[in-house]
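Start from the sequences and build out the full structure, keeping to the hints where you can.
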Amino acid sequence: MPQTITYREALNQALREEMRRDPNVFIIGEEVAEYGGAYKVTEGLLEEFGHERVIDTPISEEAIVGTGIGSAMVGLRPVVELMTINFSLLALDQIVNHAAKLRYMSGGQVMVPVTIRAPQGAGLQLGAQHSQNLEAWYAHVPGLKVVIPGTPADAKGLLKSAIRDNNPVMFLEHEILYGTKGEVPDEEHTVPIGVAEVERTGKDLTLISYSRMRTLCVKAADQLAEDGIEAEVIDVRTLKPLDAETLVNSVKKTHRAIVVEEDWRFAGMGAQIVDKITLEAFDYLDAPIARIAAADVPMPYSKQLEQLALPSVDEIVSTARKLAGR
Amino acid sequence: MDAAEPRLIETKTDFLEMYRKMVLIRTFEEKTPEMYTKGKIGGFLHLYSGQEAVGVGFISALREGDYVIGAYREHGQAIARGTDPKLVMAELFGKATGVSKGKGGSMHMFDVKRGFLGGHGIVGGGMPLAVGVGLAIRYRKTDQVCVCFFGDGAVNEGAFHEALNMVALWKLPVIYVLENNLYGMGTAVYRASAIPDLIKRAGCYDIEREQVDGMDLIAVREVADRAVRIAREDNEPRFIEAITYRYRGHSISDPGTYRTKEEIEEWRKRDPITRMENYLKENHMITDEEIKAAHDEAAARVQEAVDFAEQSPFPPPDALYENIYAP
Chain A
1 MPQTITYREA LNQALREEMR RDPNVFIIGE EVAEYGGAYK VTEGLLEEFG
51 HERVIDTPIS EEAIVGTGIG SAMVGLRPVV ELMTINFSLL ALDQIVNHAA
101 KLRYMSGGQV MVPVTIRAPQ GAGLQLGAQH SQNLEAWYAH VPGLKVVIPG
151 TPADAKGLLK SAIRDNNPVM FLEHEILYGT KGEVPDEEHT VPIGVAEVER
201 TGKDLTLISY SRMRTLCVKA ADQLAEDGIE AEVIDVRTLK PLDAETLVNS
251 VKKTHRAIVV EEDWRFAGMG AQIVDKITLE AFDYLDAPIA RIAAADVPMP
301 YSKQLEQLAL PSVDEIVSTA RKLAGR
Chain B
1 MDAAEPRLIE TKTDFLEMYR KMVLIRTFEE KTPEMYTKGK IGGFLHLYSG
51 QEAVGVGFIS ALREGDYVIG AYREHGQAIA RGTDPKLVMA ELFGKATGVS
101 KGKGGSMHMF DVKRGFLGGH GIVGGGMPLA VGVGLAIRYR KTDQVCVCFF
151 GDGAVNEGAF HEALNMVALW KLPVIYVLEN NLYGMGTAVY RASAIPDLIK
201 RAGCYDIERE QVDGMDLIAV REVADRAVRI AREDNEPRFI EAITYRYRGH
251 SISDPGTYRT KEEIEEWRKR DPITRMENYL KENHMITDEE IKAAHDEAAA
301 RVQEAVDFAE QSPFPPPDAL YENIYAP
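For the record, the sequence lines run as chains A and B.
First residue of the first sequence: 1, per the working numbering; consecutive thereafter.
First residue of the second sequence: 1, per the working numbering; consecutive thereafter.
Just so you know, these hints were derived from the structure itself, not from any lab.
The hints are all genuine.
In silico contact screen, one side only, chain A against chain B (beta carbon under 10 Å); selected entries:
| no. | residue |
| --- | --- |
| 1 | 74 |
| 2 | 90 |
| 3 | 97 |
Here are the simulated SDA-like pairs of lysine to any residue, each with C-alpha atoms no more than 20 Å apart in a straight line:
| no. | chain 1 | residue 1 | chain 2 | residue 2 |
| --- | --- | --- | --- | --- |
| 4 | B | 171 | A | 59 |
| 5 | B | 12 | B | 284 |
| 6 | B | 171 | A | 51 |
| 7 | B | 141 | A | 52 |
| 8 | B | 86 | A | 108 |
| 9 | B | 141 | A | 22 |
| 10 | B | 113 | A | 166 |
| 11 | B | 171 | A | 52 |
| 12 | B | 281 | B | 291 |
| 13 | B | 141 | A | 50 |
| 14 | B | 141 | A | 24 |
| 15 | A | 181 | A | 39 |
| 16 | B | 141 | A | 49 |
| 17 | B | 141 | A | 51 |
| 18 | B | 171 | A | 30 |
| 19 | B | 141 | A | 75 |
| 20 | B | 141 | A | 23 |
| 21 | B | 171 | A | 50 |
| 22 | B | 171 | A | 53 |
| 23 | B | 141 | A | 53 |
| 24 | B | 113 | A | 108 |
| 25 | B | 113 | A | 75 |
| 26 | B | 113 | A | 111 |
Glycine included, every Cβ here is placed at the ideal spot set by N, Cα and C.
Structural data, given as structure tokens:
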């Protein structure tokens with residue numbers, strides 16, 4: 001029997017189960033213990049595992065991440081929580097210059113099994129410094145894996161896989177998704193890193209997205225179905241390594257695609273996805289691949305302006321109609 | 001010093017071993033510019049000549065199982081920890097037999113089975129890693145310690161302050177060793193630090209601290225023994241400032257216009273190797289023949305290292321994509 005739980009509860013279950021399974025797993029970050037997490041993802045874990053394994057830190061992102069990396073270098077499996085991805089910029093040196101490179105530049109002697117969790121995303125009127133989507137930044141760096149779940153089931157299954165992975169994983173959650181519900185298997189549930197999910201099949205075009213944009217694509221596909229347009233919806237789920245095969249196979253079938261992302265359009269993640277499909281399936285395309293992304297602006301505070309900057313279901317539907325010639 | 005405190009290094013064997021390590025490191029370092037000029041070594045090359053007593057003094061105070069984190073002037077520290085000079089030279093040559101398989105270079109020597117955790121090229125970047133190593137030691141309740149070396153340039157990085165605060169707050173067995181060689185690249189300490197008496201920085205975090213003459217091996221070793229014992233037994237961090245000097249430039253390409261020949265000569269008069277030689281001779285622990293033998297043996301080992309590096313293969317093209325991710 002599947003349970004219906006929130007994205008937040010799914011993450012909490014993953015953490016709890018992995019900490020029970022492996023004594024080397026511990027949590028470190030700002031407000032993760034006594035406060036229960038800024039977004040309450042770690043709630044109740046202090047009570048079960050104590051202060052030795054659920055560690056509150058000062059506001060020192062560079063050293064928090066460095067502490068995780070250092071402990072991983074000598075065999076622990078830290079889960080670092082950054083309060084938001086925006087604060088990861090203070091830890092960029094540790095993530096990019098250290099976590100991502102230690103294995104390579106040590107000739108394979110070092111392993112860095114650290115999971116760095118951080119919520120990101122816009123839509124809550126948090127203004128320019130608290131509304132960013134930085135997945136493309138991290139996907140750019142060899143040595144990092146980038147995982148970005150869009151459903152409670154994937155949140156749980158991918159977090160468990162990230163914790164068990166022997167590499168640094170950027171685990172990017174979405175602030176707006178924390179309260180959304182979905183079915184999650186009751187039994188042991190993992191989702192492999194590097195495998196996209198075909199949410200629904202269709203023959204007319206492919207909607208490619210991840211994180212919260214998956215929800216928009218599903219709604220758009222429902223509307224398009226009313227017009228007789230059958231959209232295939234793919235949730236990439238892992239940005240690095242990218243499951244190009246699933247995307248390419250879909251496009252070879254539908255001949256049209258739209259990539260929907262919440263990060264900035266310029267040098268955004270979608271550009272890389274388009275590049276991959278174009279290189280491998282150019283001859284199958286009946287139209288240029290369309291991209292729907294956030295406007296290239298620092299996120300404004302005002303609700304009306306913020307919504308204007310973000311992709312919408314309407315935009316996906318109208319782009320799809322145009323692409324399908326209807 | 002407390003009478004009950006174990007006097008580490010009273011034995012002649014310890015003294016001679018540390019002395020020979022310093023000679024080996026100096027000989028190794030002084031060979032590398034020639035190899036650089038010949039085009040055998042590329043990239044940056046930061047030499048440890050002059051600072052040997054700091055690395056040897058601290059690392060010789062450690063046990064097997066302890067950890068060392070270096071910065072980018074770390075060839076000598078790897079050798080002090082027991083890494084074969086052949087593997088260090090081969091790494092400098094970018095060969096597959098190098099200690100980091102030719103993937104790291106001068107700044108990224110790793111010898112993990114000896115607890116030597118790099119080789120880090122970002123100023124101050126190793127300091128947060130040491131917090132993590134210290135945390136892991138506490139987590140597992142072992143009696144290991146971690147020594148983390150960094151330079152005077154690092155004290156003005158955020159990582160320095162974040163890391164010191166955390167080891168002090170959590171009482172972790174980390175010994176931070178500030179190698180103050182008076183210049184961060186070409187900038188003298190007094191031109192970069194509002195408080196040039198750098199040991200005061202550790203005071204902000206109430207970490208027990210000591211300053212030591214980094215040109216005096218015996219003094220360094222005594223301070224190191226004390227720091228290691230306290231870190232190991234009492235699970236407390238320590239902060240040591242070793243005042244030292246590098247004879248060569250910041251890196252191989254440094255023209256050295258920011259300091260005078262006279263200054264360098266003054267510091268050479270305090271050379272840690274000569275000083276140790278004099279001490280050993282005065283105390284009848286070494287003969288002139290044995291001194292010569294130590295230098296000859298070092299020269300032979302360094303030549304052997306050069307030959308080994310020379311004859312080793314470069315990494316194959318397949319190595320390009322190896323070890324980006326762990327299986």
